[in-house]
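There are 2 protein chains.
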Amino acid sequence: MQNQGLLKDLIQSLCCLPGVGPKSAQRMAFHLLQRNRAGGRQLSDILSQAMNNIGYCRDCRTLTEVEVCDVCANQLRDNDVLCIVESAADVWVIDQATSFKGKYFVLHGRLSPLDGIGPDQLGIDKLEQRLSAGAIKEIILATNSTIEGQATAHFIGEIAAKFNIRATRIAHGIPMGGELEFIDSGTLSHAFNGRREF
Amino acid sequence: MQNQGLLKDLIQSLCCLPGVGPKSAQRMAFHLLQRNRAGGRQLSDILSQAMNNIGYCRDCRTLTEVEVCDVCANQLRDNDVLCIVESAADVWVIDQATSFKGKYFVLHGRLSPLDGIGPDQLGIDKLEQRLSAGAIKEIILATNSTIEGQATAHFIGEIAAKFNIRATRIAHGIPMGGELEFIDSGTLSHAFNGRREF
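Chains as they are written, first to last, in my numbering: chain A, 1 to 198; chain B, 1 to 198.
No lab work stands behind these hints, which were simulated from the structure alone.
Errors might be hidden in some of the hints.
What the hints assert, rightly or not - Calculated Cβ distances over 10 Å to all of chain A for the following chain B residues:
1) Ser13
2) Leu17
3) Ala50
4) Glu67
5) Ala88
6) Pro113
7) Ser185
Stated by the list, open to error - Each computed EDC-like pair below joins lysine to aspartate or glutamate, with the alpha-carbon atoms no more than 16 Å apart:
8) B:Lys8 / A:Asp80
9) B:Lys8 / A:Asp45
10) A:Lys137 / A:Asp45
11) A:Lys23 / B:Glu65
12) B:Lys23 / A:Asp90
13) A:Lys8 / B:Glu197
14) A:Lys23 / B:Asp95
15) A:Lys8 / B:Glu65
Every residue gets a Cβ at the ideal spot worked out from N, C-alpha and C, and that includes glycine.
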């Protein structure tokens, strides 16, 4: 098969999806072509619409195709609690998994001076504006528990202190259902230091 | 997130890919939106082109965007050996893995009377035409080693006999590097019965 142009291009393009290598891409391409052309066409349409129309929410910077996302526009949600996350995917998972009913703020990254990511890239100025407006009583720091995530939480915690706003950090410790035997030592020592009254 | 329309649609559409569930689809959608919009746009373009333009080769019925596929159009390949496979994906893997230089014929399925798949659906009439033309000296039956695949091979083998054409079947046995201990009993007994001079 010296030159199966379009089929080869399709397989190559599918490799841009995370977790998809040449073998899975091949399987996907053949599956769509042989069994689900309608699905493939629909995927193509929606993909193009999404890539071109989804932008960032004016208020919380999450991904949305409208100016103000549904969460920010929702009058039933609390305006006095703000959950700060690293990515739009985090908004999605927190909203699916928890009963949190406040608003969000998406940093789109974490402080990482070596990669040239400072407060400007994370929209800290916008965050300060929101904090200074006075409606917010608590911020929940839900950045990841990596070194950069912790540093970012610390940095934003200090800004909150400046405005006399309560800052909380989501709990770190043993995952639910996790067995102590198999937990890494960092998490375990963190869980011991962070123990609470029973 | 009551109504994140387009984002939700995108995640749902990505689930049409084989092996992709809601979690992977979510990861793919966020990855494309946050890190690789160009890749997403390109995938959308090529997907739509492929779904609309890729059809079946006039001669061998494989997937191609031109009337006669590269393999059939290639004058350097043998015209006297025909390899018969169940799907276009098989053409692709055989061409990548082996040094086979003959032509192919794609059945797009296997005989399966219960599912209403008979000789008509598999293009057997077209195959008979080719066999009757007289150029073909050998057919290689490379259908899968399932019950239906075997039955299909048998059926086509009888057609070949009618035209006095030699029919061979790809070898079944222990996979290369396979350890006897872990091979299923069907394969093992097949390998014993099909043993050859060493």
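We went through each hint and held it up to the structure:
Not every beta carbon of chain A lies more than 10 Å from that of Ser13 (chain B), the smallest distance being close to 4 Å; the non-interface claim is violated. The claim that Leu17 (chain B) lies off the interface is violated: its Cβ sits roughly 5 Å from the closest Cβ of chain A, which falls inside the 10 Å cut-off. Interface exclusion of Ala50 (chain B) from chain A breaks down, the closest Cβ pair being 4 Å apart, not more than 10 Å. For Glu67 (chain B), the requirement that its beta carbon stay farther than 10 Å from each beta carbon of chain A is met, with the minimum near 14 Å.
Its closest Cβ contact with chain A, about 6 Å, brings Ala88 (chain B) to no more than 10 Å, contrary to its assignment away from the interface. At roughly 20 Å from the closest C-beta of chain A, the C-beta of Pro113 (chain B) stays outside 10 Å, upholding its exclusion from the interface. Look at Ser185 (chain B): its CB is around 28 Å from the nearest CB on chain A, clear of 10 Å, so calling it non-interface holds up. Note on Lys8 (chain B) and Asp80 (chain A): the hinted pairing is violated, with a Cα-Cα distance of about 27 Å set against a maximum of 16 Å.
As the CA atoms of Lys8 (chain B) and Asp45 (chain A) are separated by approximately 14 Å, the hinted pair is consistent with the 16 Å bound. At roughly 43 Å between alpha-carbon atoms, Lys137 (chain A) and Asp45 (chain A) are farther apart than 16 Å, so this suggested pair is violated. Taking the CA atoms of Lys23 (chain A) and Glu65 (chain B), the gap is near 21 Å; set against the 16 Å cutoff, the hint is violated. Between Lys23 (chain B) and Asp90 (chain A) the alpha-carbon distance is near 13 Å, which keeps this suggested pair within the 16 Å criterion.
Of the supplied pair hints, the one linking Lys8 (chain A) and Glu197 (chain B) is violated, its CA atoms being roughly 41 Å apart against a limit of 16 Å. Pair hint Lys23 (chain A) plus Asp95 (chain B) holds up; C-alpha atoms about 15 Å apart against a cutoff of 16 Å. A threshold of 16 Å between alpha carbons decides the hint, and for Lys8 (chain A) with Glu65 (chain B) the separation of about 11 Å falls inside it, so the pair holds.
Against the hints set out earlier in the document, violations occur for numbers 1, 2, 3, 5, 8, 10, 11, 13.
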